[in-house]
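Chemist: For reference, the chains in residue letters:
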Amino acid sequence: MPLRFHGSGAEYFRIWIVNLLLTLVTLGFYYPWAKVRRLKYFYNHTLLAEHGFEFHGVPRAMLRGMAMVGVLFFLYSFASEFSPVAGLIAALAVTGLWPFLWRTAIRFRLANTSWRGLRFAFVGNVRGAIIAAGIPTALLLVPLAVAAFWMLGDVPEESQEMEAEMRRQGMITLGIFLPWLLALPWFLWFAERYRRGAFRYAQIATEFSAGAGAIYLLALRLVGVLLGGVLLLTPVAVLAAVFAGSDATETEDLFAALKSARFVFGMTLFGLAYLVMILLVRAYAVARLQNLLWSHTHAPSLTIHSRLRFRSTLGLMLKNWLLVLLSLGLYWPFAAVALWRLRIEAISLDLAVPLETLVGSGTGGESESAGEMAADLADFDFGW
Amino acid sequence: MTRLAVDFFDGRSARAVEATLEVDSDALVIRDAASDAELRRADLRGLRWPERTVAPTRILTLGMGEVHARGAADWDAWVAAEVGVRDSAIVRLQHGWHWALTALVLLIAGAAAGYRWGIPWVAGQVVDALPMTVDARIGDVALPQVEKLMLKPSALSVAEQDAWREKFAAMLRRADIDAESVTLLFRGSRIGPNAFALPGGSIVITDELIDLAEREQALTEPMVLGVLAHEVGHVLRRHGMRHLVSTSLLGAATSALWGDYSSALALAPTMLGQAGYSRAAEREADETSVQVLQRAGITTAGMVRFFTVLDDYLRDEAWRECMEAEIGDEEDTEDAEAAAEAACAEARDTPRDAQLGIAFASHPSDEERIARFARAAGRGSVASSAQ
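So the protein sequences, as listed, match chains U and D. Reminder that position 201 of the first sequence reads as 255 in the working numbering, one-by-one numbering, no gaps. Reminder that position 83 of the second sequence reads as 99 in the working numbering, one-by-one numbering, no gaps.
Incorrect hints may have been included.
Unchecked claim - Which bits of chain D does chain U cover? Going by a derived footprint, with three or more residues having C-beta under 8 Å, they are:
id : stretch
1  : 18-30
2  : 79-88
3  : 224-231
4  : 241-248
Hints listed in this document are in silico derivations from the structure and should not be mistaken for laboratory results. The beta-carbon is built from N, C-alpha and C at its ideal position, and this holds for glycine as well.
From just these sequences and the hints, can you work out the full model?
Modeler: Structure (structure tokens):
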């Protein structure tokens, strides 16, 4: 059964513009309505075996959850300005709450999604959420908050001491980020295994069969693509930088050089080279990760294939970027629709049993209560 | 009463049943197309009908289960005729291109208004709600960090510092400002002449700035006190806190508009926006400086001179650095010197405040600021004689 998307950029543009306008006018209060409208548009027009999906979220109920998350976020970003102690408390609070919020958001989204009248469900337990979402957050936020205590040391007089101090702080930050980055593929694998092992639709219970090694291999290849991109584009970037800076080396006056035409042109070229490099990595990550994750999500009666091609993804992303830039952002809805179509239509499902045999799942009681459960969870929904 | 052919899903299984829709007084009746048996009856008042879209999907959600349209055009026609559901205002807004374009124009106007009035107003309300102790706390945290980056201990003697503190306190008293609300700190600078205010009332003035003022002899005191009065303006109006809050709000707004797409793209509007707010704050602080100086009976001619003095100093510094770099290793011949002078002429001739272009500048142009103090100098003589 193939997936098809029948939406159009032109139509979504109109929805998007009105969403933005009303969200702005209402100072953000319209946002849950805008989000429901957006999700309904994308879901309704994504067709699997000729029938679309539906999103059932009720905006008014989503408002409360979003407001709460917004306040938490605001407090967290302010706390670190206030004092290291406040920053640490905020980091611990976010770490503690995040797994629950994350899990509830997934449950909400799935319980409010239906296909052919049957709702999806997410049955992942709290323990899995704590490991999947809590540990990565804790390992990043808490050490950073603790390190903040050491960052406010005495003011070194000598420039040598100051250099040593900066180096020390750099080492501390690196010491926190580097192990975390190395563990990131594992975090991702665990989170996906937790998530994709807990999707339910009718009697179909999915599981995730890729190993952590596969994710690490993908990460390695990604680094390879990054290096390849750097090698390919560095000559361009260097030429551009030299071209741009050639005026500046003649006078020490930085500001005059900034205004020269050569500088502007050179920096634009440099910026474009940088952009292409980023998109290379991003397109590779999106395409390969989608293929890996979806092809390894299956159930006894269900096989999923994802055949998203790197070249197509890269081409579309480059085109999108260029047009969004040239149109000062107005092309964005068209870009979003095009990307969604590309990604969705690369996926197809094989169901080994007839559709008629799929009956409402027994999890959480009969299907009648699925709607109630969705309403219970309706308190929470995030920005995505 | 016409019937509409649809696909019905009962919510218990994924099986599609060919069915018909019919309206019977207050209820929507779903019948099996083949046997005509009634499958479901739903109260019309509780139903939320799907919106019209160009794409052909229509899904009606029932308490349990769904009804899917077979053909969108037929569905739309039937719903309009039988149920009487009209497009909501929002849907109508979304359908016409002229509406969408109007929405676009309104969006741009609204965003501009939000930037100019909305965000500053909200930031003001938030800051007003915060007690001054919050400012003080943040200032306490920020000072060591700033010192680490840009300052060193002052070279002024304690006697000199106290003398300036006396004069500063006297000015505040005459201008009816509580001297307890500000603390004057003296520091040496690693970044040239400067003075700034931190949230909570700490005002830092650098030795270099005082040195610069002392070259002006008669105008030394009015110049230093004018600069300090400007910083007091920042403290009294809590610009530091406002800047923090409005920057957060601005960042949130720009990422709501463009951040989905790229956080890098959202950065430029945020930086431009911040610079705009910063210039507004500098204008307000200049205004406070004028008022304080006038009430204290101090001439604003010091400030009029200040910008020129500072600009000259910065240009000289730039020229000196340029000459050192040019001549540096070369022989001290007349030709070499002439060549270096030619190369560095621009460094000396370009006014410092024109460097970044006005859009990114955090301060208004020197001309504007000089003009403000000059106008006040004209009025000032009248004000002080009235005291």
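Chemist: Compare the structure with each hint and give your call.
Modeler: We went through each hint and held it up to the structure:
{"no.": "1", "hint": "18-30", "verdict": "holds (count 7)"}
{"no.": "2", "hint": "79-88", "verdict": "holds (count 5)"}
{"no.": "3", "hint": "224-231", "verdict": "violated (count 0)"}
{"no.": "4", "hint": "241-248", "verdict": "violated (count 0)"}
The structure fails hints 3, 4 (numbered hints given earlier, in ascending order).
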